[in-house]
Amino acid sequence: MTDDRLTEAVNAARLATLGTLVAGVAHELNTPLGAINSNHDVLRRALTRLQNILADDVVDETELAEVRRIVRALDDIMVVNNLAVDRLNQLVSSLRTFGRPDRAERDVIDIHEGIDSALAILGHDLKGRVEVVRDFEELPRIECFPHEINQVFMNLLVNATQAIAGRGTITIRTRRADGGVLIEVEDTGSGIAPKDLELIFEPGFTTRGSRIGMGMGLAIARQIVDRHTGRISVRSTCGAGTTFSVWLPQQLR
Amino acid sequence: MLVDDEPMVATALRSFLELETAWRILTFSDPLEALETLRNQNIDVIVSDFMMPNVDGVSFLRQSREIQPVATRILLTGYADKTNAIRAINEAGLYYYLQKPWDNEQLRMVIRNGIERAALFREIDRRVGDLDGAHKELQDLRRKLIRTFL
Chain Z
65 MTDDRLTEAV NAARLATLGT LVAGVAHELN TPLGAINSNH DVLRRALTRL QNILADDVVD
125 ETELAEVRRI VRALDDIMVV NNLAVDRLNQ LVSSLRTFGR PDRAERDVID IHEGIDSALA
185 ILGHDLKGRV EVVRDFEELP RIECFPHEIN QVFMNLLVNA TQAIAGRGTI TIRTRRADGG
245 VLIEVEDTGS GIAPKDLELI FEPGFTTRGS RIGMGMGLAI ARQIVDRHTG RISVRSTCGA
305 GTTFSVWLPQ QLR
Chain D
11 MLVDDEPMVA TALRSFLELE TAWRILTFSD PLEALETLRN QNIDVIVSDF MMPNVDGVSF
71 LRQSREIQPV ATRILLTGYA DKTNAIRAIN EAGLYYYLQK PWDNEQLRMV IRNGIERAAL
131 FREIDRRVGD LDGAHKELQD LRRKLIRTFL
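Chains as they are written, first to last, in our numbering: chain Z, 65 to 317; chain D, 11 to 160.
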């Protein structure tokens, strides 16, 4: 595949991924928005009550107790709104990191940011079902095409999430290795049959039916890693889980 | 009892209910801790999230039903799907299914009705208990009569 074709394929895959994750992201936005929405209503009610208390310029003991109650509610509202705004900021920042529309195509980056942004976008699919273990080592920043590398992390994490039918664990390990960085994504999912293992990086290979866009994730991941002169490999035990390993050089050749 | 693993949701609900009602509110981010409390305290209404770590909302409500069948069970979820709604109704004896983002006024009304419902159940239980007692007294009396006169 030429570089242009690969870029096109990566962009298509990124949009497809975001498309499938959009419901989850909307749900993730819903929680802080719901809290802010409710707080706005409480704020309105609290203000009306305070206005009523102050209407006659006299505050008696009963009203003072009421004012204290209102202040307690306002205190809670401040805390919740701070949490909610932080959450919204994190989500928007993750979506930006994942899309990187404002970054040069080729850049020197901390790959942990890309992994964390993919995890934040996948939050809804993981929550309550999949425990994520982030076993991160301090790594040098690497030169790469960030939006492509982020797509690799996303594809591997989506794959790992889908491989786990019920509850399970995804362990993401990052290490310095051979003058570059090694990233491992290990899941406790269903595993891959040995006969499928050889085909897994082939375009169009999928074990999940033939929907449009299926079966391209790992093929694109391999193309991207090849373009970075890196290496991608897989090992799996049926019924026990799968580990994908990606090695990337510190500098592009 | 409000159970949501997102403290921001539980706190937002609590600040509204504490401002507008005189109800005693307990909030929990861990459903297992909420179950522990249910074993020790009488609760009128349980409002639970669906997607939570350790145990999902439907399983939590099902277990809470076993501990306190009289408590009214409400699911407040942003994860609206038919299968889980049916599961909640069938397995957990759900009283109401509310969606996030919620409307405060509707939430208050549903909880208020839930409290009345729980109070009625308790009243019925109390009167059935009274009737059982009276029935037992009558039977004892009958036995005494038989022993004395027959």
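It should be emphasised that the hints constitute simulated quantities derived from the structure, not laboratory data. Careful, some of the hints might be misleading.
As the list claims (entries may be wrong) - With a cut-off of at most 25 Å between alpha-carbon atoms, the simulated SDA-like pairs for lysine to any residue come out as follows:
no.	chain 1	residue 1	chain 2	residue 2
1	D	Lys92	Z	Ala227
2	Z	Lys191	D	Asp15
3	Z	Lys259	Z	Asn145
4	Z	Lys191	Z	Lys259
5	D	Lys92	Z	Val86
6	Z	Lys259	Z	Glu207
7	D	Lys92	Z	Thr235
8	Z	Lys191	D	Ile96
9	Z	Lys191	D	Glu43
10	Z	Lys191	Z	Val123
11	D	Lys146	D	Thr158
In this text the structure is predicted, and so the values were computed from the model without any measurement.
Quick rundown of the hints versus the structure:
1. Between the alpha carbons of lysine 92 of chain D and alanine 227 of chain Z the distance comes to roughly 24 Å, so the proposed pair stays at or under 25 Å and holds.
2. A distance of roughly 10 Å separates the Cα atoms of lysine 191 of chain Z and aspartate 15 of chain D; the hinted pair therefore holds under the 25 Å criterion.
3. The hinted pair formed by lysine 259 of chain Z and asparagine 145 of chain Z fails the criterion: a straight-line CA distance of about 52 Å is larger than 25 Å.
4. As the CA atoms of lysine 191 of chain Z and lysine 259 of chain Z are separated by approximately 32 Å, the hinted pair breaks the 25 Å bound.
5. Distance restraint check for lysine 92 of chain D and valine 86 of chain Z: the Cα-Cα separation of roughly 19 Å lies within the 25 Å cut-off, and the hinted pair is therefore satisfied.
6. Pair hint lysine 259 of chain Z plus glutamate 207 of chain Z does not hold up; C-alpha atoms about 35 Å apart against a cutoff of 25 Å.
7. Restraint check: the Cα-Cα separation between lysine 92 of chain D and threonine 235 of chain Z comes to about 32 Å, which exceeds 25 Å; the hinted pair is violated.
8. A hinted pair counts as satisfied when its Cα atoms are at most 25 Å apart, and lysine 191 of chain Z with isoleucine 96 of chain D qualifies at roughly 21 Å.
9. Taken as a hint, the lysine 191 of chain Z and glutamate 43 of chain D pair is honoured in the structure, with Cα atoms around 19 Å apart against an allowance of 25 Å.
10. Proximity of lysine 191 of chain Z to valine 123 of chain Z is assessed by CA-CA distance (about 48 Å); at most 25 Å being required, the pair is judged violated.
11. Among the hinted pairs, lysine 146 of chain D with threonine 158 of chain D is consistent with the structure: their alpha-carbon atoms are about 18 Å apart, no more than 25 Å.
Checked against the numbered hints given earlier, the structure breaks hints 3, 4, 6, 7 and 10 and satisfies all the rest.
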